[in-house]
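Sequence lines, in order, name chains V and S. Take the numbering used here: the final residue in the first sequence is number 340, and no numbers are missing along the way. Take the numbering used here: the final residue in the second sequence is number 868, and no numbers are missing along the way.
Keep in mind that the hints were calculated from the coordinates and are not lab data. Glycine included, each C-beta is placed from N, C-alpha and C at the ideal position. Please note: incorrect hints may appear among the correct ones.
Said to hold, decoys possible - Once the Cα atoms are required to be at most 30 Å apart in a straight line, the calculated DSSO-like pairs of lysine-lysine come out as:
#1 V:Lys-140 x S:Lys-681
#2 V:Lys-140 x S:Lys-702
#3 S:Lys-681 x S:Lys-806
#4 S:Lys-702 x S:Lys-778
#5 S:Lys-607 x S:Lys-806
#6 S:Lys-701 x V:Lys-140
#7 S:Lys-361 x S:Lys-482
#8 S:Lys-681 x S:Lys-701
#9 S:Lys-701 x S:Lys-736
What the hints assert, rightly or not - Distance windows between CB atoms, simulated:
#10 V:Trp-176 x S:Trp-727: 23 to 33 Å
#11 S:Glu-721 x V:Val-310: 51 to 61 Å
#12 V:Ile-190 x S:Gly-732: 28 to 38 Å
#13 V:Asn-228 x S:Leu-735: 24 to 34 Å
#14 V:Val-141 x S:Met-449: 22 to 32 Å
#15 V:Phe-332 x S:Val-611: 52 to 62 Å
#16 V:Ile-48 x S:Leu-735: 39 to 49 Å
#17 V:Ile-190 x S:Lys-681: 50 to 60 Å
#18 V:Val-141 x S:Ala-667: 14 to 24 Å
#19 S:Ala-667 x V:Gln-179: 53 to 63 Å
#20 S:Arg-494 x V:Phe-51: 51 to 61 Å
#21 V:Asn-228 x S:Lys-482: 48 to 58 Å
#22 S:Arg-494 x V:Phe-332: 22 to 32 Å
#23 S:Trp-727 x V:Ile-40: 46 to 56 Å
Claimed, not checked - Simulated coverage check for chain V against chain S, where a stretch passes if three residues somewhere in it have a Cβ under 8 Å from a Cβ of chain S:
#24 202-209
#25 213-220
#26 223-237
Listed below are the residues making up each chain.
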Amino acid sequence: MTDTRAADPSPAGGVDVFGFIARFAPTLFLIVLMALFAVIEPRFLSEINLFNVMRQVSITGLLAVGMTFVILTAGIDLSVGSLLAFAGLVAAAVEKGGLENRFTVGEGGVGYGWGAAALAAIAVGIAGGYLQGLAITRLKVPPFVVTLGGMSAFRGAALLFAAGGPISGFQPSFTWWGQGKIGPVPIPVIIFLAAAALAHITLRYTRYGRQVYAVGGNPEAARLSGLNVNRVIASVYVIMGFFAGLGAFVLAARLNSAEAVAGTGYELTVIASVVIGGTSLFGGSGTIFGTVIGSILIGVLLNGLVLMNVSSYIQQIVIGVIIVLAVAFDTFAKSRRRKV
Amino acid sequence: MANAPAALSSVSADSDGPILKMTGITKRFPGVRALENAHLEIGAHEIHALLGENGAGKSTLLKILSGAHAADAGTIELFGEPVSFASPHDAQRAGIVTIYQEFTLAPDMTIAENVFIGREPGSRLFVSWRRLAEDTRAITDKIGLKRDPMTQVRDLSVAEQQLVEIARALSMRSKLIVMDEPTSALSEAEVANLARIIRTLKAEGLSIIFVTHRLEEVFRLCDRYTVLRDGHYVGSGAVADTNVDAIIRMMVGRDVGALYGERPIPKPGPVALEVEGLTRRRTAQDPHAIELVDVSLTVHRGEILGLAGLVGAGRTETARAIFGADAFDEGVIRIDGSPVKFSGPRDAMTHGIGLVPEDRKKQALFLSLAIRTNMSIASQEQISRGWFIDEGRELKLVEEFRRLLSIRMASPDQLAGLLSGGNQQKVVLARWLSLRPKILIVDEPTRGIDVGSKVEVHNLLIEMAKSGIAVIVISSELPEILAVSDRIVTMREGRVTGEIARNDATQEILMSMMTFHDGATQGRARAS
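Construct the entire structure; sequences and hints are all you get.
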């Protein structure tokens, strides 16, 4: 037979229990976890706490939305945290009209306003992503290596740009984007969910979305089907860069400060969110919905551990273990339902 | 079933009874019965062909035999003793080794390490490299693998890698070797060599289960056969007592009759594609690449041109060069008389050329994506409004081709990886047909798909040509070339060695055109 698995059945008529579990495992796990925390610590379910979790999730969630595109093409981007720090500093400098008034608290300095600042952050993000995309497609260096280099280079650029110190004290029109609310809903949460919805539509309903899945599923077949594989691959790093820039803007607004060490270790949380959400590291399969669930899951887990007074060191250990378990479970579930 | 592989070495291997007897094997997967009361009996010193279409249950049966699956019901007897294998390791210890189509070798390790992986000779801590090499040499010499045991497996040809797999099986002192389509990736010469080795193994007392889609190999090599269909045992017997038609009848459950009826050669239409002096040289980066030397051919509208040659003759390379998938150094390609230059497949597609590549799973399908995506990925423009896919149009397209090509699928959202080989190939054909190509190149259209589907695919190709498409069919199977082509061009070592009309061609003539090349005299013998 063409394949050693060929005679196994197709799922057409049968109940694909493992497929079902694999698909909704993150959601089920999230519900179980929330129920557990609600029982142990009643404060967990308070409206304030839940919105607090969502606000904390929103920055890494934004990055995870971009990372989903990258991982769908079987790529990886380790540079997100560094790029975010660099873009945030540029946005801060634009908002303040230069680096002179960096320590002036309040409305000091004559800046260019939040709009120019946001555009600057996004422009830096896109440029950084495009550079990496070029290196991956033109120089044929694996994404892991390119973005590992980017991780170091962008962090260096951030430190160089800010001469090591933070830039803080923005106008309220700027900080509103990180601290404001519409009704009870924090603005970053709205931005995160809107971006997720847009990304979902892009991946699910557009030609471009199909191309991302196709290139991730089988790059050679994609090329022989007339797709411009290099362009698609470069584009996902540009999208990732866009979200890094947007995330940088929102984070600077929330903290009323930008600094060169911002976003350290974000790559771990972000990649974990995507993977826990069920997107395959081998490319070609995954959803934005899963990524949103994965992001919230990590946020809920950390929040619950904080409420239970678990040390932040232990939290890191828990996250690490969860990532490995999530991938292990995914592999297990797939092997049980694999019937090509 | 007792969970104790008998101490086989003590059992006489030349007793007259069957060495393996699988009885009443039943295996159900959710919603599907993969096997229902299947039997398999293998005698000592026997080469046994296990036959059936894709989905007939061969792989499931072999997986149960090799310990990869557990049967729901049934018994396995080995040398008269009931056995049960909880894992492939159990089966190997009992003397049953399965060699899959996709090899399980570690490419960066040496031949010797691969043969004795996990069982390296030496002390508890250290491997004795000298003994490892000697022991390996003893086995590889026997099966005619003339390579230093310390060669990296990466540097071996596919055929040689297969010999390493066989060597590994022999090193485990196996009594029964199961080979799943061992010949599908081999050239004719390599197949002949493998056949010789299998006969040697048989002479030494081993039995072999041989799965293949090439029936001529069954008659050349095998002693007995068993046919499965839809998970049921259909029959078995001595190969000497049957013939191809009878076996095909058993496999498909109906009379295929004359597989290919008489078909008049169509009057050729205008020239659609002209290739002149196509040349591709080796480069420093790719010193093993197959060269193309002055390849010229023409294809007319409404005609099927068969491109025959042994593996490595340059057929696939010619196709890829025409399609813009690989660059070439010299030569002109003309479409409808005007010269064209492609910078990639996309360009070729806009000029109406399509290519169904030779390796369905690696080069054509997106196994993890839905059938609808697989079908529409090349024709996105047709089914989109602006940036968005129009799902209504897409589903209409899928439905149109599902009917046209009678593709058996559960739904347009079913993953392509879950289809049988024949249906997968039809999905790939649909992808290209939806583009309404002027020229379609089909490389190995029926590799690894069952007899019934083969005929269907052949008829589709003939229908395409009838509708005015210029079709090039590349195939390593001469019966296939003879079945579908109107005109046949043969290649050898990157050169065109001859051209012949279908009615003048026989397998023997083609084989001689493909294998002997004495300049212009014989090769250019142009029959019309």
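Can the restraint linking S:Lys-681 and S:Lys-701 be considered satisfied, given a maximum Cα separation of 30 Å? With Cα atoms ~28 Å apart, S:Lys-681 and S:Lys-701 stay inside 30 Å; holds.
Evaluate the given range 48 to 58 Å for the C-beta pair formed by V:Asn-228 and S:Lys-482. holds (52 Å)
Compare the distance between the alpha carbons of S:Lys-361 and S:Lys-482 with 30 Å, and conclude whether the hinted pair is satisfied. Between S:Lys-361 and S:Lys-482 the Cα gap is close to 29 Å, so the pair holds against 30 Å.
With respect to the beta-carbon atoms only, verify the hint that S:Trp-727 and V:Ile-40 lie 46 to 56 Å apart. holds (47 Å)
Could one say that the CB atoms of V:Phe-332 and S:Val-611 fall in the range 52 to 62 Å? Holds: the Cβ-Cβ distance is about 57 Å, inside 52 to 62 Å.
V:Ile-190 versus S:Gly-732 beta-carbon gap, inside 28 to 38 Å or not: With a Cβ separation near 32 Å, V:Ile-190 and S:Gly-732 satisfy 28 to 38 Å, so the hint holds.
With the threshold set at 30 Å, check whether the alpha-carbon distance from V:Lys-140 to S:Lys-702 stays at or below it. holds (20 Å)
Quick one, are S:Lys-702 and S:Lys-778 close enough, alpha carbons at most 30 Å? Holds, at about 25 Å.
Checking one constraint from the list: CA of S:Lys-681 to CA of S:Lys-806, max 30 Å. Satisfied? holds (28 Å)
Would the hint linking S:Lys-701 and S:Lys-736 be met if the CA-CA limit is 30 Å? holds (25 Å)
Between V:Trp-176 and S:Trp-727, is the Cβ distance one that fits in 23 to 33 Å? Once the Cβ atoms are compared, 32 Å apart, the range 23 to 33 Å for S:Trp-727 and V:Trp-176 holds.
Do the alpha carbons of S:Lys-701 and V:Lys-140 lie within 30 Å of each other, as the hint requires? holds (24 Å)
No hint from the list above goes unmet by this structure.
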